[in-house]
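S.K.: The two chains are supplied separately, each in an independent frame; assemble them into the complex guided by the hints.
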Amino acid sequence: MATDFAKIQEEIKQITAEIAEVDAIELKDDVEFAEMGIDSMMALEIAAAIEKKYKVVIPEEDIPTLRSLQNVYQLLETLLKK
Amino acid sequence: MHESWDIQRISEILPQRYPFLFIDKVLEVNELQGKIVCVKNVTINDYFFQGHFPEKPIMPGVLIIEAMAQASILFFSVIKPHIAQKKPDYYLGKVEAKFIAPVKAGDQLIIEVRKLKVLDTAGIVSATAKVDGKTVTQAKITFGVKVDDE
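From first to last, the protein sequence lines are chains R and F. For the first sequence, the tail end lands on 216 under our numbering, and the numbers increase by one without skipping. For the second sequence, the tail end lands on 164 under our numbering, and the numbers increase by one without skipping.
One chain only, chain F, in its complex shape (with noise of 0.2 Å):
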């Protein structure tokens, strides 16, 4: 168990950045369960917004699993610190979603990432989005972490 995190501690992990990083807070990171959740808060200020869409800012569902990845890679980091600190390459293997629900301007995005099976090279996870309690999208992701001196 792990106190919530702020974004300086997410940025040291995290390679991504202005216009591309989608996770605000962590809220609780439970080794044992094998499980993070996280915050993305979804404001009319975020810049997609401009053109997804001008007259009804819907958050892009890609925009919804970038964030869930990112919260992936931070559960990584905290279960395989010895592969995060070597900063490797994280990439999207495969992706199964269902969007069940539209995230709109003001929604507060809790995004919980469970662990399905993590190894020091790939991972497979199940995430879940929420908003207000409700489940708004589902999604197994596959991804692999490379080592750039490997």
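For reference, chain R alone in the conformation it holds in the complex (with noise of 0.2 Å):
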């Protein structure tokens, strides 16, 4: 499971690179996303594109604590187990 989730967060990875525009190398998981241009129209995007890809439903509460590609890891991770 484990490398299953590896990839998953690949792919976070590459869906907040194009929604940011810019190159995932430039994306660090535990960097704030405000510190890497991302503000909080961006992180909604990312919210709804997580959203239709994975089939899960992100409270509209929980989108401002996503401050992080590490909080989004956390969070999808825990709505997948559900």
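None of these hints come from the bench; they were simulated from the model. Be aware that a few hints might be false.
Residues of chain R clear of chain F, computed beta-carbon distances all greater than 12 Å [what the hints assert, rightly or not]:
no.	residue
1	144
2	156
3	158
4	159
5	165
6	166
7	204
8	208
9	213
10	216
Just the calculated beta-carbon pair ranges, DEER-fashion [what the hints assert, rightly or not]:
no.	chain 1	residue 1	chain 2	residue 2	range
11	R	144	F	61	32 to 42 Å
12	R	183	F	99	46 to 56 Å
13	F	47	R	193	16 to 26 Å
14	R	208	F	67	47 to 57 Å
15	R	212	F	147	36 to 46 Å
16	R	214	F	101	33 to 43 Å
17	R	186	F	70	35 to 45 Å
All C-beta atoms, glycine included, are put in the ideal place defined by N, C-alpha and C.
M.R.: Now the structure itself:
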């Protein structure tokens, strides 16, 4: 299962890179979105793209807590376990 | 569910004014279903027809998107009144649009905006503009909302 989630992490990073229009290599898991130029509008787009791809529902109140890729991985991991 | 809104009530929320106010009336707001339905009456007196185009009056597609964006602001003000009353700046982030048919002088544009995701600081909506029941433009709009004192 661990490798599966590693693949998902890579996919999320790719989705984020596309929305933020940067190279995936430039995105760091533990750096805050704001520092990487990702604003709340982009974070919302990332959440919407993840919902569509993984058929999950991210509650609106959880979206403001997505401040880094690490946060996104953790939230999705929890949602996928449900 | 709300009653229809006239231009005065619309102007209290939208910062846009002539010649850039593209909503004439709100027909329906349904918070439960997450949607708003607005009207823009397109007339030969609309200023943009002077140049777009003198011989062939067609409403510019970007202005249809602007009308959709204005309908989105009105919708936002209904579901987030505590933010709207602070008179924030609304700005467009991303638009994915499909223009299906031209909008001409004399058409009544019915704009329906549906909520996909709306937070205090940003939102994603899907918008459809119809004339005589037929879809003329479809768009997915991402917008940001910024309160000045933040």
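S.K.: Determine which of the earlier numbered hints do not hold for this structure and return their numbers in increasing order.
M.R.: Violated: hints 11, 12.
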